[in-house]
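Residue numbers (the numbering used here), protein chains in the order written: chain A, 1 to 361; chain B, 1001 to 1078.
Hints are computed from structural coordinates only; laboratory data are not their basis.
Quantities reported herein were computed from a predicted structural model and do not represent experimental measurements.
A virtual CB, placed ideally from N, CA and C, is assigned to each residue, including glycine.
Mixed in with the good hints there might be a few duds.
Some residues of chain B that are not near chain A, with every Cβ distance over 12 Å (derived) [as the list claims (entries may be wrong)]:
1. Lys1002
2. Gln1003
3. Glu1073
4. Leu1076
Derived pair list, reagent style EDC-like, types lysine to aspartate or glutamate, alpha-carbon separation capped at 20 Å [claimed, not checked]:
5. Lys76(A) / Glu159(A)
6. Lys1012(B) / Glu234(A)
7. Lys230(A) / Asp1068(B)
8. Lys1071(B) / Glu234(A)
9. Lys194(A) / Glu109(A)
10. Lys1041(B) / Asp207(A)
11. Lys1059(B) / Asp217(A)
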Amino acid sequence: MLDDISTAGDRGSLLTRAGKPGPAMLIVATVIGLALWWTVYSWLIPFSEAVTSLFPVERHSHTGEAIAFFFYDVPKVLMLLTLIVFAMGVIRSWFSPEKTRALLAGKREGVGNVLSACLGILTPFCSCSAVPLFIGFVSAGVPLGVTFSFLIAAPMVNEVALILLVGLVGWNVALTYLFFGLGVAIVAGWVIGKLKLEGWLQDWVRDIHSGANAPADFSGETLTMSDRYKLGYEAVREILSKVWVWIILGIGLGALIHGYVPENLMVDIMGADAWWSVPVAVVMGVPLYTNAAGVIPIVEALLGKGAALGTVLAFMMSVIALSMPEMLILRQVLTLRLIAVFIAVVSCGILAVGFLFNAIF
Amino acid sequence: MKQVKVYGPGCKRCETTAQMVRDAAAKLGLDADVEKVTDPKEIAMAGVLSTPGISIDGKLVHAGGLPDEAKLEGWLKA
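Generate the whole structure from the sequences, applying the supplied hints.
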């Protein structure tokens, strides 16, 4: 006990004396961190087998399979998330909303929509900032449709959704989601731009848009490499503290379903032959509001039990991209008419993805 | 007397930021008036693109995420 206190004290003074870690120290820490991560990751299968053997069940029974699946998948997904969220947190520190805005300002529609949707993945975004971000973009001369591409892509295509898809469903589905999520954001934003709906903004936003009333200018802070690492660490802490419950619940549910629910349960309701299942999935997704971590275990379960890929992708996109809380936030800057157009255009895009996939695969 | 404004619609991070500002001011023995701004229009007009944002005596010093403690003290002292 006494030892503990004295080492903790030493560590504290070391840190203050050293100040901020230099680049060499950061590189060493990165290499050691990655090596540790890889070592732990490669021991996950033996770990899950060892834990499973502690339970008084037959290893190859349904229950045994379910337990092994749970104790392999939970740490695997948590470790993947930690690594990728950290890396994205660091990478994102180069793509501040201020820089993204500068890149997008005055871009033509088309190219602008593509760039905007891609930057939507890389720029740190939380839906509570949707209004100031919208105003900031529009006032700096980012076209309305290009701004929408960003606002659709940013919540829908994010690294948490993609990692969970890779970990729980498979990388091919994750890539499909990435490309078609971006596609929906690009096309929906482009269509909204073509409709020339600037007049349907709320009055005070229109004033800003016309340049009559410009917000203050702020170009962001300068960051050192250790600041960026700190941002990565904060992203990990924030996201993991939010999603770990969902991951355990979701994988637990997945484990149960793997073992106990009949394989073809979903074929009739959500299979490719049931054409109406795509619109139903989209409509069901709007009132349901959860983050990617909450929806992906459901996606996994549905796919595993015979639901068609297009239907499930449509459901997932609808849950994440069209949510009531986000609409309420956007209501502060958009008129109801414009929100209705937004929902209609994005829904059409999602429907198209759903039908396309069910037809091809 | 420093006039500090913390911009944010009221999410947890914004609360934390406001508390960090108060703590830093208390630590430095500074007299600071910390005001929370939750009106989206006002947040936007201050030039904040991502919340929480901090302005000190009318000048925006930070936007997006929790501020760094050392930097926060630096801004308050300046």
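Consistency of the hints with the structure:
With a cut of 12 Å on Cβ distances, lysine 1002(B) stays outside the contact zone with chain A, its closest approach being about 18 Å. No Cβ of chain A comes within 12 Å of the Cβ of glutamine 1003(B); the nearest lies about 15 Å off, and the non-interface call holds. Under the 12 Å C-beta cut-off, the non-interface status given to glutamate 1073(B) relative to chain A holds; the minimum distance is some 14 Å. No Cβ of chain A approaches the Cβ of leucine 1076(B) within 12 Å, the least distance being about 15 Å, so the stated non-interface status holds.
Between lysine 76(A) and glutamate 159(A), the direct Cα distance comes to roughly 16 Å. Compliance with the 20 Å bound is thereby established for this hinted pair. Note on lysine 1012(B) and glutamate 234(A): the hinted pairing holds, with a Cα-Cα distance of about 14 Å set against a maximum of 20 Å. The suggested pairing of lysine 230(A) with aspartate 1068(B) holds, with an alpha-carbon distance near 9 Å, which does not exceed 20 Å. With a CA separation close to 16 Å, the supplied pair lysine 1071(B) and glutamate 234(A) stays within the 20 Å bound.
This hinted pair checks out: lysine 194(A) and glutamate 109(A) have alpha carbons roughly 9 Å apart, not beyond 20 Å. Using a Cα cut-off of 20 Å, the hinted pair lysine 1041(B) and aspartate 207(A) holds, with the two alpha carbons roughly 12 Å apart. Between lysine 1059(B) and aspartate 217(A) the CA atoms are separated by roughly 10 Å; this keeps the pair inside 20 Å, and the hint holds.
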